[in-house]
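Trainee: Given next are the chains, with one letter for each unit.
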Amino acid sequence: MAFLFCAATVLRVASAQVDVVKGAGKRAFAVSGFSGDEVLAGQVTGVLKNDLRLSGYFQLSPLASAEFVQSGTVRGDGGGVTIECIVTEAATKRSVLTKVYQGSAQELRHVVHKLSDDIVQAITKQRGIAQTKIAFEWTRNGVKELAVMDYDGYNVRQLTHDKSISVRPRWSSDGRRLVYTSYKGGFPDVVEVDLYTGQRRRIANFPGLNSGAAFSPDGQMLALTLSKDGNPELYTMSATGGNLRRLTHTHGAESSPTWSPDGQSIAYVSDNLGTPQVYLISRDGGEPTRLTVSPSYNTEPDWSHPTAGSEMKPMLAVTSRARKFQIGIYSASTREVIPVVADGADNEGPSWAPDGRHLVFTKAVNWRPRLYLLDVMTHEQIQLPVIEGDASEPAWGP
Amino acid sequence: MVLVTAVALIICQGCRPKPKPQPLGELGSVPGMETGSDVAMGSSRPLGELDMANAQRGMFAPVLFAFDSAKISQREAAKLPAVARHMKANTSKTLVIEGHCDERGTAEYNRTLGERRAQAAREELVKLGVPASRITTISYGKDKPANPGHDEAAWAENRRCEFAIAGP
Chain Z
1 MAFLFCAATV
11 LRVASAQVDV
21 VKGAGKRAFA
31 VSGFSGDEVL
41 AGQVTGVLKN
51 DLRLSGYFQL
61 SPLASAEFVQ
71 SGTVRGDGGG
81 VTIECIVTEA
91 ATKRSVLTKV
101 YQGSAQELRH
111 VVHKLSDDIV
121 QAITKQRGIA
131 QTKIAFEWTR
141 NGVKELAVMD
151 YDGYNVRQLT
161 HDKSISVRPR
171 WSSDGRRLVY
181 TSYKGGFPDV
191 VEVDLYTGQR
201 RRIANFPGLN
211 SGAAFSPDGQ
221 MLALTLSKDG
231 NPELYTMSAT
241 GGNLRRLTHT
251 HGAESSPTWS
261 PDGQSIAYVS
271 DNLGTPQVYL
281 ISRDGGEPTR
291 LTVSPSYNTE
301 PDWSHPTAGS
311 EMKPMLAVTS
321 RARKFQIGIY
331 SASTREVIPV
341 VADGADNEGP
351 SWAPDGRHLV
361 FTKAVNWRPR
371 LYLLDVMTHE
381 QIQLPVIEGD
391 ASEPAWGP
Chain A
1 MVLVTAVALI
11 ICQGCRPKPK
21 PQPLGELGSV
31 PGMETGSDVA
41 MGSSRPLGEL
51 DMANAQRGMF
61 APVLFAFDSA
71 KISQREAAKL
81 PAVARHMKAN
91 TSKTLVIEGH
101 CDERGTAEYN
111 RTLGERRAQA
121 AREELVKLGV
131 PASRITTISY
141 GKDKPANPGH
151 DEAAWAENRR
161 CEFAIAGP
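Line by line, the protein sequences give chains Z and A. Sequential numbering from 1 applies to the first sequence in our numbering. Sequential numbering from 1 applies to the second sequence in our numbering.
Fair warning: there could be bad hints in the mix.
As the list claims (entries may be wrong) - Each computed DSSO-like pair below joins lysine-lysine, with the alpha-carbon atoms no more than 30 Å apart:
| # | chain 1 | residue 1 | chain 2 | residue 2 |
| --- | --- | --- | --- | --- |
| 1 | Z | Lys184 | A | Lys144 |
| 2 | A | Lys127 | A | Lys93 |
| 3 | A | Lys144 | A | Lys79 |
| 4 | Z | Lys163 | A | Lys142 |
| 5 | A | Lys144 | A | Lys88 |
| 6 | Z | Lys49 | Z | Lys125 |
| 7 | A | Lys142 | Z | Lys324 |
| 8 | A | Lys142 | Z | Lys184 |
| 9 | Z | Lys125 | Z | Lys26 |
| 10 | Z | Lys163 | A | Lys93 |
| 11 | A | Lys71 | A | Lys127 |
| 12 | A | Lys93 | A | Lys142 |
| 13 | A | Lys127 | A | Lys79 |
| 14 | Z | Lys93 | Z | Lys125 |
| 15 | Z | Lys93 | Z | Lys26 |
| 16 | Z | Lys49 | Z | Lys93 |
| 17 | Z | Lys163 | A | Lys144 |
| 18 | Z | Lys26 | Z | Lys313 |
| 19 | Z | Lys49 | Z | Lys313 |
| 20 | A | Lys127 | A | Lys142 |
| 21 | Z | Lys324 | Z | Lys313 |
| 22 | A | Lys93 | A | Lys71 |
| 23 | Z | Lys324 | A | Lys144 |
| 24 | Z | Lys324 | A | Lys71 |
| 25 | Z | Lys163 | Z | Lys184 |
| 26 | Z | Lys93 | A | Lys71 |
| 27 | A | Lys79 | A | Lys142 |
Hints listed in this document are in silico derivations from the structure and should not be mistaken for laboratory results.
Produce the complete structure using the sequences and hints provided.
Mentor: Listed below in structure tokens is the structure:
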């Protein structure tokens, strides 16, 4: 029972935080821009401002009222770019960051993302998200492929070219591997792709449904749904295949597993008692604990795993159905789901950033899904740049 | 005016190698993996490759379901004896039951709901005398609607099981 106690404690702390810190104060930050190459300076300034805005920590402000002030230069030489950046505390004139960055012109956005994360780290002591990636389902002409992009919606790269259905990507915590569900072989199979080599491997192709796979935090195991023994049940297996272990035995369907940060337990969806609700079970099986009770439909749990040193506590985000689909965060103390995205649209598929503060999710207006970011501290939503076709079911990676 | 205190050489996005953009290789199976086993109450998958490209579709009316339900009503169950008769008369054929959902549900939950719909149809057909080993299920969740509309009529059409006949 130890694991249940731990998990519940963690969730309780987390939900309290959402209530208390909502609308957290932002630091006033003035981006003065860069001298030097005018075209490059404009690009760098644009990316930097967007990164600082998306970080959630800063309010871009005029020089006079700024707590922090940025200045710098940008030089281009033969396809390379050098950025010098200084950030000072306005009141004390103390240097917060003084650093030079170099890279190729093609990598300009990445170089600025690194700079942005350094600014976030220097001022807040927190790890930024500007260098992270998001995987998602990209639907065009009735075909669902997977794609990966930078966290700000740029640098979209198509990952599969199967002209089939590829869905539900999930990352390994080192960012090297993705698991997803592929219909390429005619049936829903779990496939792993190594993002360094491009090599793909079929991990689970048992009879019936193989889907919803999620890496354990150490990358050694997968939790997933299989229907080989009857109705869809929850299993774990080795990430290299084999060592299959059945965790649930119900008359309903189990789906959407997500691991606790310590890797000891798994939250998942079951409709065994009628409507779909979120449950918690040990990675070794045993008696599950029901977490959510209302509203009558809670699915797609995603457990945040804030990095070491983060001010954020682990939280469990879900997709609930009220009048519309909405994103909520589970509060273990009240057993309520606190809505964080509830508007006139259908909001689904929340996935946490490594900072445990931001979520990416799908918002569908008039049945057209688009990707949005949410800062759970400020409740601000930001739409990512719209791409051709439909983007949905995102997974935020390292 | 000493600006340079540290030089970060940003090559290949720092220390994180970036995903290679080249097309991905063919899927390989994990050696020694359990495949094709046929469990009586579970889903079965044919041992050989199923020629779905040449499967016969549309021979039988789809079985329809109520919202968020995998129960086959009496009225819909009446469509199944025709499927059973065909399968019993064509013993070399494999029946593929596709389970589908309407779009009003989250993706993975709908994928399990579609599987349960296909399994419900499979159970009825086994009761009607079709060997379980000749039936296989595929859930598409909400990914393959029959009707692209977004109204009650379209949704009712999309909550369904379709039947395809494969094999020699």
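Trainee: Would you check the hint for lysine 49/Z and lysine 93/Z, treating anything up to 30 Å between C-alpha atoms as holding?
Mentor: Judged against 30 Å, a Cα distance of about 21 Å means the pair holds.
Trainee: Hinted pair, alpha-carbon criterion (30 Å max): lysine 93/Z, lysine 26/Z. Please report holds or violated.
Mentor: holds (20 Å)
Trainee: Is the Cα-Cα distance between lysine 324/Z and lysine 313/Z 30 Å or less?
Mentor: holds (28 Å)
Trainee: Holds or violated: lysine 49/Z and lysine 125/Z, Cα atoms, limit 30 Å.
Mentor: Measuring from Cα to Cα gives roughly 19 Å; hence the hint holds.
Trainee: Mind checking the alpha carbons of lysine 163/Z and lysine 184/Z for me, to see if they're no more than 30 Å apart?
Mentor: With Cα atoms ~8 Å apart, lysine 163/Z and lysine 184/Z stay inside 30 Å; holds.
Trainee: Between lysine 125/Z and lysine 26/Z, does the CA-CA distance stay at or below 30 Å?
Mentor: Answer holds: lysine 125/Z to lysine 26/Z is near 15 Å, not above 30 Å.
Trainee: Would you check the hint for lysine 93/Z and lysine 71/A, treating anything up to 30 Å between C-alpha atoms as holding?
Mentor: violated (71 Å)
Trainee: Take a quick look at whether lysine 127/A and lysine 79/A sit within 30 Å of each other, Cα to Cα.
Mentor: Distance of about 14 Å is within 30 Å: holds.
Trainee: Starting from lysine 324/Z, check that the Cα of lysine 71/A is at most 30 Å away, please.
Mentor: holds (25 Å)
Trainee: Against the 30 Å threshold, does the CA-CA distance of lysine 324/Z and lysine 144/A hold or violate the hint?
Mentor: It holds: about 22 Å lies between the C-alpha atoms, which stays within 30 Å.
Trainee: Lysine 71/A and lysine 127/A: Cα distance at most 30 Å?
Mentor: holds (15 Å)
Trainee: Are lysine 142/A and lysine 324/Z close enough, with their CA atoms no more than 30 Å apart?
Mentor: Since the Cα atoms of lysine 142/A and lysine 324/Z sit roughly 17 Å apart, the hinted pair holds (cutoff 30 Å).
Violation of the numbered hints given earlier is confined to hint 26; every other hint is satisfied by the structure.
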